[in-house]
Amino acid sequence: MPEDTITLTIDGQDVSANKGATILEAAADQGIDIPVICYHEATTPNGLCRVCVVDVDGGRVLQPACVAACQADSKVETDNERVVRSRRTILEMLNASVILEEAPEIQQMMRDNDADPQRFPHAQRRESELIDDNPFYVRDYAQCVLCWRCVQVCAEDAQFTFALTLNERGHDTAVSTAFDIGMTESPCVFCGQCIGVCPTGALKPKIEWGMEQGLDEDKLRALTRRGRKRDRDRA
Amino acid sequence: MNDDITAICARYQGRGREALLPLLWDVQTAQGSISPAQVHQISHMLRIPEADIFGVIGFYTLFHDQPTGRRIIRVCTDPTCALADADAVLHEVCAQLDIEPGATTADGEYTIEHSPCLGLCDVAPAALVSARGEPDRAMSQVSAAALLDGWAGDYFTPAGDENAVLLDGGLASAPQSLADYGDYAGLRKARAMTSDQVIAEIEASGLIGRGGAAFPTGLKWKFTRAAAGAPKYVVCNADESEPGTFKDRVLMEHRPHLLLEGSALAAYAVGTDRAIIFIRGEYPKATQILQDAIAEAAAAGLLGALTIEVRRGAGAYICGEETALFEAIEGKRGFPRMKPPYPTTFGLFGKPTAVNNVETLCAVPPIITRGASWFRSVGTAGSAGPKLVSVSGHVARPGVYEIAPGISLRDFLERQCGGVTGQLRAVLMGGAAGTFLLPSEIDVPLTFEDLREAGSTFGSGAIMVFNDTVDLRDVLLRLGRFFQHESCGKCFPCQLGTQRQVEILERLDAPLPGDRQRLHDIGMTMTEASICGLGHTAGMAVMSAMEKFPGLF
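Line by line, the protein sequences are chains F and L.
Letter by letter, the first sequence follows residues 922 to 1156 of this note's numbering.
Letter by letter, the second sequence follows residues 924 to 1476 of this note's numbering.
Extracted from the complex, chain F is given alone in its bound form (with noise of 0.2 Å):
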């Protein structure tokens, strides 16, 4: 075996990994499917959603297979009873605080673990009025699951813009401008990679959006498109 390999197993299987793969990378040469939300493959990853847990080892805590690497030997279970429970329990709160509508992938992972969209009841949601500031795209923050991507992409992961940040903290965190100010006021350069990595409905192009409300082609184009400069100048 080469040097820059190592064995463990997955979920009893025996596994030969690169040293330094993630558990999810193991796991996925397997055809091992672990669930992610926050983790993408064009952000760096900050193990913050922590649906993808796996138990390693029996250990204290479980580990964030998006990050964790492989360990020789050891042995990892991605599909366990306290690994479902974290995860199940996960996605239980998660619903009770954000709209998922719009998040086919993450339905799909409460139905894989039994998770119960009715858990909690008389839950605080995190409520927030659809922002429409710009010609390019929208914002609804009742759907947004915190998973830090947006402002990633928009900082030192791709386009260094730094228009966005994450305001006050635990549950009442949300992602915001400088002083909230409107997004045609803020440095956004409207590049819409925000948009490409959103895993819910909360960052939208503005024709979508439209569409949806079923508006039709004039109205699409007074929303989206703001003339000419020349004429607006005139104007």
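Heads up, some of the hints might be wrong.
[What the hints assert, rightly or not] No more than 25 Å apart at the CA atoms, straight line, and that leaves these computed lysine-lysine pairs for BS3-like:
| # | chain 1 | residue 1 | chain 2 | residue 2 |
| --- | --- | --- | --- | --- |
| 1 | F | LYS996 | L | LYS1262 |
| 2 | F | LYS940 | L | LYS1262 |
| 3 | L | LYS1274 | L | LYS1255 |
If you are wondering where the hints come from, they were derived from the structure by calculation, not from laboratory data.
Chain F is fixed; fit chain L onto it per the hints.
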């Protein structure tokens, strides 16, 4: 409000993002809040995006992005202060001003807020007050009158007895001066030794960290010394914020030079001349005392090339987590990092860092001067050396006590604290992140190993005593609110779990079917799946209460 902060900015000319919290503190103190125009100016000055600065202001509760009253009054309403009628004080203040907590009076004179534990549990109820342009003040045994009619007076925590070492034979009412403390004999002795010898002495003493995680101090220093990378850092974690914990405050306020000498010894051992003390923003008195003591020691030439800088937190319990603390010093939101890598190899500014609790560093000078064998002679094999605990609630004499580990909790409460007042109902060990002991369980010896065996913990050294007049559901609700307020929001289990937990604790008097199982699943999920120690312990007290007091649920 005058938006011009040019004079403040000038103090930070040429510095980078690490200067953000100190600069924001200067603006907050001078102006009462930080405006968009000021953020714009700071952004250019320190080369930080405006959105990032806004996010930092929003993270720390002592910073404000909206105008505040000329005076800000924050009343602690955590469990111990609640026993001392803090709610009534807050209510009375609000009634007299005709506002709700969180609001500002129409004349712009007062802003009134709730506060998490201020570390003045022995002299409850406590408040932290700020007047525009003046240093913040912590106040003890407050009444509405004291909070509204001038802020006179000072507090003093009597502590220690004739045998105390860390507390030096019982403490005087003023900070110990350099003349009274001595000329850092331990440091002089250490300088005649090699760094490895100093580390070996600390290892031989069996000193384990006093912040809560109980990691062997000598080993931590050894790893830091051996790690590649420069400069290295010694960071003192003085972000003591665990409800019911105030031993580090007392050490800093009474024996500042003991901490400075301990920090200097740590720096000598790991091989650096950079030490930073990160102190919670709610400890203005200790902050000033430390700054004065550093100036005194430097003027006396005791520190040599070592620089010791005091960095002030700004209202975030999470910054007691060592990696979140680094983020705060680096000028960011206090999010805990993923570990590994550990601080000994990748700490502050990505450099090898030894981060130690205040009490841990204070134990170092006597170990060096008296020897490891002396330290071992106090306590037990697994819990060597004198240990400080903070006692609050229903005892005759709340305060900070130095114990020889091994004494039973019962004997300690009776002999050193003057006994329990009323009929004992429960003892909460380790603060909000701790566990309950029943009256039948207090014969447990106070050692790391015996408490672990009993399913309990020293944790931060907090011992909160409750008699049978206490509504334990109310205690749990306040603990739940504390964690909901202090969760940083990074990982889903803690961000969502602390919220869901408090929602259920709010209806404990009329629970829904299934609430017990919900609390259990929330607690286990936070414990097993969260990123850091805050989440790992945020359900601890509730799960402990479900086991010890099933009738409450």
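Structure-based check of all given hints:
1. LYS996(F) - LYS1262(L): Answer holds: LYS996(F) to LYS1262(L) is near 20 Å, not above 25 Å.
2. LYS940(F) - LYS1262(L): 18 Å, holds
3. LYS1274(L) - LYS1255(L): 17 Å, holds
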